[in-house]
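Engineer: Throw the hints in and build the complete structure from the sequences for me.
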Amino acid sequence: MKMVTTIAYKNMKHYKSRNILTGIAILLTTLLLYLVPTIGLDMVGAQFAMVNEVYPRWHCLIRDVDRETATKLAAHHDVLTSGLRSDVGYWAGLDVDVSMMYMDENGLDLYQIKLEEGSLPRRENEIVVSRKLLQAAGLTGEIGDTIRFSYQPLSEDGLGYVKEGEFIISGFYQEQQEEPTAFSSFVSREFAEKHIPADQIKYRFLFQVGAEENVTTDDVEDIIKGITEQFGIDEEQVRVNDEYLAANYVDPTTIPVIAVIMLIIVIAGIITIYSIYYVGMAERVREYGRMKAIGATNRQLRQMVLREGFCTALIAIPAGLLMGTLLVKAVLMLFLSSYSSDQSIMVVTTRQLIKDGQIPLYHVSIYLLAAVVSLVTVYFSLRKPMKMAAKVSEIDAMRQQGGQSGRKKNKKARRSYGELNVAKVSHIYLTGNKKNTVVTVVSMGITGVLFMVIATVLSCANPVESANSDIKGQYELSNNVSFSNKEHPEYAWDQIVQNNALDEAMKQRLEAVDGVKKVLPVALCYGTADVLEGDKIGISGLPGEWKEELMDGITEGSVTYEELKTGEKVIVHRNMLRWYPDIAIGDKLELSLFDGSEKTVTVEVAAFGDYAFGMYIFGEFMMTKEGLEKISNIGNHTAAYTIYTDHKQEPALEDEIAAIKQEYGERLDVRSWQSEYERWRSAMAVTSGASYAFFAVLGLICIMNMINTMINNVHLRKKEIGMMQAIGMTDRQLTQLLMREGVFYIAGALILSICGGSLLGYPIFLWARENGMFSISRYHYPFTSAAILILLLLAIQILLAWLLGRSVKKESLIERVRFSE
Amino acid sequence: MDRKRDGKTLVGGIVQKKMYFYVMAGLILWGLFVCLGAAFLTEREGALRWQQTEELSVIYPQLKEPLHANSAYYEAGSRKGIRMAALCLYFGGIAAAGVGYGVLLHERKRKEEETRQFLNELAEQSDQLLRGGDLPGRIDGEEAFADEWKAYLGKFRQTCHYFADLRQRLGREENDTKSLITDISHQLKTPLASLRLSHELLVAGDLTQAEYQEFLEKEGQEITAFENLMQELVNLSRLENNMIQIKPENTKLKQVLTEAVNKVFFKANEKQIAILLTDEGHTDRQGADREQGGAFDAAIFCDPAWTAEAFANVLENAVKYSGENTTITITVGRLINYVYVDIEDEGIGIQPQELNAIYKRFYRGERAQKMAKDGVGVGLYLARKVLEEQGGNIVARRRRRGSCFRITLPCGH
Amino acid sequence: MSDILQVKDLVKYYGAGENLVKAVDHTSLAVERGRFTAIVGRSGSGKSTLLHLIGGLDRPDSGKVIIDNQDIYALGKDDLAKFRRRKIGFIFQDFNLIPSLTVWENIVLPMGLDGRKVKENEVAEIMAKIGLTQKKDALPSTLSGGQKQRVAIARALAASPAIILADEPTGNLDSRTETEVMSLLKNCVEEYGQTLVMITHDETIAQMADAVIFVEDGKVVSQS
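Protein chains in written order, with the numbering used here: chain A, 548 to 1368; chain B, 463 to 875; chain C, 839 to 1062.
Hints listed in this document are in silico derivations from the structure and should not be mistaken for laboratory results. Just so it is clear, CB atoms sit at the ideal spot from N, CA and C, and this is done for glycine as well. Take the hints with a grain of salt, since some may be wrong.
Stated by the list, open to error - Below, simulated PhoX-like cross-link-like pairs (lysine-lysine); rule was C-alpha separation at most 25 Å, straight line:
(1) A:K971 <-> C:K957
(2) C:K955 <-> B:K573
(3) A:K971 <-> C:K915
(4) B:K617 <-> C:K925
(5) C:K974 <-> A:K1266
(6) A:K1265 <-> C:K915
(7) A:K971 <-> C:K955
(8) B:K612 <-> C:K925
(9) C:K915 <-> A:K1356
(10) C:K955 <-> B:K612
(11) C:K925 <-> A:K1356
(12) C:K974 <-> A:K981
(13) B:K573 <-> B:K716
(14) C:K957 <-> B:K617
What the hints assert, rightly or not - Just the calculated beta-carbon pair ranges, DEER-fashion:
(15) B:I556 <-> A:P1198: 49 to 59 Å
(16) B:T740 <-> C:G1031: 34 to 44 Å
(17) B:I556 <-> C:D841: 38 to 48 Å
(18) B:M692 <-> C:D841: 37 to 47 Å
(19) A:G1104 <-> B:I556: 55 to 65 Å
(20) C:K955 <-> B:A761: 31 to 41 Å
(21) C:L858 <-> A:R1353: 27 to 37 Å
(22) C:K955 <-> B:A559: 28 to 38 Å
(23) A:N845 <-> C:G1031: 54 to 64 Å
(24) A:A1334 <-> B:A559: 50 to 60 Å
(25) C:K955 <-> A:A1334: 35 to 45 Å
Structural biologist: Structure, rendered in structure tokens:
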């Protein structure tokens, strides 16, 4: 068999052009096969590594656990490690939030709090802080120094009276955030037990379950559930660290996605490589026939074909892997850099981890996977050609018209054209070879359609428009509302109305800033009704300036603006129907309000509407400000201030808002048009970049198919073309002939792509809008993408026809006419 | 002739059609692009403006009215843009049409001039030819002529060639006739000389009764041979002078062959030569169009008498140049358009270098001369002429022993 | 001057040094208009190359080929192609027809390439002559070898060229089909007043010619 290999190797070197094409196809396939899983894995890996760095490591946190239960829990056989945390109090009189808590060693470990210097607090008056904390609190000190501050101890009733405390710094912990807005300080157990009555002390129990590495997240959650049920712990008390779990345990949904993508690549690869080989077969028939006549067996012939392919693969696969390796880092950084405006700790950490090489970028398993799958692809592509080589009969070697026996297209006669010209001849060729033509055009067309659809969606998803619909005005300052936040019970709406940071003073403060045109308040109230299954929804009172948009958005039913001022009628956002399909126009809902008044009001559902996110972010039930005031008139029910400025970005205002945020910390949320815009832009950049890149490569593979078909056509018809040239076809006519064919393919593919893509584009746009993808609102025909597609395809075809014409003309006429070997 | 008028309109007509087509197509395309571009641009522009006015009017409702008026202005502006584009298209079209027409007129004038020149040249050249000069040479710049003109030129040249050929042929025929007369007179000399000798001997007397008888017999033979020769020569000269009409008609191969065989049967018998007939029927290998019956019954399209004569000549040669007790095999077969007759003998055969020469008039091969003294050498010449005249053929195929002549005749209708 | 074809001192060598093959070695000849001329020689005597050079299918190293008073190698590539389709008819030994075109289309192809209008009556007449009127719309794959060659003959005739070049057209045919094809060819050529130059190594075929040129080792050795 060594001879066979030698022959195969020599063949590979001899038939350069075809094998170069094949090599490129294999290279691209391998590249994609390597890059896609690697990037996917690396992105996920990076994210997980970052999560591991930054997030706390406990799997589950159970609140309000007493000592006894804690001990029992710790003893449970499914619990691997556990820690305790107890919130003791808050520092008082500061601009920043500083909490005091006790955590045992395990707890600190599970929270990823690392001691930089010193030791954990043991004695009653020892405390561990961070340097940044001291800075923010305006204190100085080193280990062993005493610091003094006032604090409020925490008990069941809430924050107690201010006390003065003296503590000795026993250690410093590493502050992970760059600019933290809240700090923690750690006290000893003794302190906690001393200052909080024993029966009131409540711990938080943190634990990790003992599960193996390759268990799914669902499994872990099941284990947790088992434990909590055993101990009769209420679900409300349990918080599962989803992100962390997802980071460390297998998420069952990602694998199939990657597998599907790889399958697509493999199929594209097979089609291309197969058709490239198929071309070459026809002209090698005589060669194989002669081999057979000399005495090669079928098996040897098959092996010759296979090994020739493998020889090419042996060069192309490593090349592809090498290219992929070189590209991985660059591509990853590219993905991350699109989050450039986001200085969040997550992105920074991720980048750092990658730079430090902490995250394994190159996975040996993927190298092997890509190489193996590539080889398998090559094998599958070659199966049919192998069979063809073996089927060759010895007689074909002698026959001048080798290969015709396989192509016996016993076609019946057809009507002749009275007169012929170049156009008709090319038409005859195209219709004669229907299968090939259709396959090529359809495959190109499908890629084109997909391209157009993606282009439509992406061009509709204009980040400017998305940002516009996501936020009204240029800046938004809103209250942070959350109801079951045991850590911050003051975030419940009824508390906020009593103590609303967004008051008149704030408004004036904002309006006083340079560049601020206008500050509009959005009023809000929370309520629930039977039909809402106990969920709390927001009822917003929108400012009058939004009247037109409010009225325009109505899709069903009717209501006048005046009616919305009465407080008895309300417009419900259509999205509500998804969750509560029972709501109908005319329904009179009894809403129990959560503004602290315990009132129940009746509102009538007057209409359904469709609105941009920026409008209904506060509440899905909408009425006017006046109407809301009629319903709920307790305290200050301003949920948010929407700020309109002269320019999209006002540095003065931003400074002011930053100051405000400093003061109020987590109580207020800030959104800006700019940040939304950047968010959309980066999200889209990545998605669109990735989609375009992926389709570019896939498209490349499909275009290679077209290239191959055209080369195929020319090859098979070399003799005929030679004959026609002998009869007297000029070079120009030959170029015309080739051009016409190319134009036909391109035209067919373009028509398919543009028509199909445009037709499909609109429904897909509608679907995307329904599902709120990218906050798409307006339909926008992707002119530029279409133009690019057309120009690109035309350019390729012209280039191809010219190149093919050149190569045909180069060969001497007589060689072809003589049909010599 | 209407040539002149045709020349103008024909040439002009073609130029006209093409140019108009291109101009119109170009205009339409251009206009489309302009409109599309304008629409596209104004759509974008309008959309952006509209968006801005929307935002502004939300913030400043009091500005809504003037803003809307503004955007109406923009809308009007975009409509204006389209109107501009349409105007450009219209005027551009007129301008282009004007230019095109101007070019057209110019072209036409040029073509007329060219046509006139061309025809003048042609007239001159034919004059030259008629005066007995050379064949017309190339005309300057003839590559630049329109294809149509080149075709006319080609036909003209063909005519000239035909005349030249005719002249040559006339010359040749004169020569041929001269050589024919020479050949015939030469051929006649020999037997005539022999007769004269015989006669003189007889007159001189002094012969025995037996010798006298012998000479008389010899004379008789010579006269018969002479007569035969005369007949052949008469046939030949008639044929040469096209005095004989070969009138092909639908007839049967059987009939013609039988007649031919009858003519030589006697001589063949004398030498104990057997004549066999084989019928291969229809021999189309693909098996299509199989007809019933063998080739012997086939209908052929030829002059029965002359064709029989041709066959007879070949058969005579076969007999003449074969030894005693040999066989002559006649094989007949059908082709698609033709019928073939193979006449194979076991005689002296033909040497390869003589294969072409045997059909020449009065040619006799070396071996042939040795084998049989009498013979003029016109048999095959005659046969070939007769057959080719009717669309048939005769070829000699060498055999290891003897010769084989294959005669093809067109099938009857 | 009634030589429709003149070859002057034509030279074509292949290879170099030890591999030098003198396919055509200073050959000159002339062919009379309206006659059937056969070029005879053994395989490898360079006759095929000679024919290809005469037909403008290949460029000679030196020498001239003049057809119908046109030095064909003075023409550019495209002009030469045009000249071929108007003035020369080809009949090759094998693979004459375009497989995707029907019989009729194959016949009218040279005219179609030239942009000439097809005179349907004339073509129909030629088809009747070669006996393939029934097969007008048939595809070459359904025809026998003899039929294919007949179509090739029709194609060569239909374009009314100045000269028809045939390269052993009956080489692949059995003897009876050969007889048929040759008879047909000779008759048609005479009837339409064409000039026929045919390459053959078969002396039987050479007999049918009006003039024979013997070629050996790239040189003309005798004529008759």
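Engineer: Does each hint hold? Answer for all of them.
Structural biologist: Hint-by-hint comparison with the structure:
1. For the given pair, K971 of chain A sits about 18 Å from K957 of chain C by alpha-carbon distance, which is consistent with the 25 Å threshold.
2. Taking the CA atoms of K955 of chain C and K573 of chain B, the gap is about 22 Å. The hint holds against a cut of 25 Å.
3. The hinted pair formed by K971 of chain A and K915 of chain C meets the criterion: a straight-line CA distance of about 23 Å does not exceed 25 Å.
4. With a CA separation close to 12 Å, the supplied pair K617 of chain B and K925 of chain C stays within the 25 Å bound.
5. With a CA separation close to 23 Å, the supplied pair K974 of chain C and K1266 of chain A stays within the 25 Å bound.
6. For the hint pairing K1265 of chain A with K915 of chain C, the CA-to-CA distance comes to about 18 Å; that is within 25 Å, so the pair holds.
7. Between the alpha carbons of K971 of chain A and K955 of chain C the distance comes to roughly 14 Å, so the proposed pair stays at or under 25 Å and holds.
8. For the proposed pair K612 of chain B and K925 of chain C, the alpha carbon gap of about 12 Å is at most 25 Å, so the pair holds.
9. Taking the CA atoms of K915 of chain C and K1356 of chain A, the gap is about 10 Å. The hint holds against a cut of 25 Å.
10. Our distance criterion of 25 Å between C-alpha atoms is met by K955 of chain C and K612 of chain B, whose separation comes to about 15 Å.
11. For a cut-off of 25 Å, the pair hint linking K925 of chain C to K1356 of chain A stands: about 22 Å separates their Cα positions.
12. Using a Cα cut-off of 25 Å, the hinted pair K974 of chain C and K981 of chain A holds, with the two alpha carbons roughly 23 Å apart.
13. Taken as a hint, the K573 of chain B and K716 of chain B pair is broken in the structure, with Cα atoms around 65 Å apart against an allowance of 25 Å.
14. For the hint pairing K957 of chain C with K617 of chain B, the CA-to-CA distance comes to about 16 Å; that is within 25 Å, so the pair holds.
15. For the pair I556 of chain B and P1198 of chain A, the supplied restraint of 49 to 59 Å holds, since their beta-carbon distance comes to about 58 Å.
16. Checked against the hint of 34 to 44 Å, the C-beta distance between T740 of chain B and G1031 of chain C comes to roughly 38 Å, which is consistent with it.
17. Between I556 of chain B and D841 of chain C the beta carbon distance is about 59 Å. The supplied range of 38 to 48 Å is therefore violated.
18. Range check, M692 of chain B to D841 of chain C: Cβ separation about 40 Å, and the 37 to 47 Å hint holds.
19. Between G1104 of chain A and I556 of chain B the Cβ separation comes to about 57 Å, which falls inside the hinted range of 55 to 65 Å.
20. The given range of 31 to 41 Å is respected by K955 of chain C and A761 of chain B, whose C-beta atoms sit roughly 38 Å from each other.
21. For the pair L858 of chain C and R1353 of chain A, the beta carbons lie near 30 Å from each other, so the given range of 27 to 37 Å is met.
22. A hinted range of 28 to 38 Å holds for the C-beta pair K955 of chain C and A559 of chain B, which are about 30 Å apart.
23. For N845 of chain A and G1031 of chain C, the Cβ-Cβ distance of about 57 Å falls inside the hinted range of 54 to 64 Å, so the restraint holds.
24. About 30 Å separates the C-beta atoms of A1334 of chain A and A559 of chain B, a value inconsistent with the hinted range of 50 to 60 Å.
25. As the Cβ distance of K955 of chain C to A1334 of chain A is approximately 42 Å, the hint placing it in 35 to 45 Å holds.
Checked against the numbered hints given earlier, this structure breaks hints 13, 17, 24; the rest are met.
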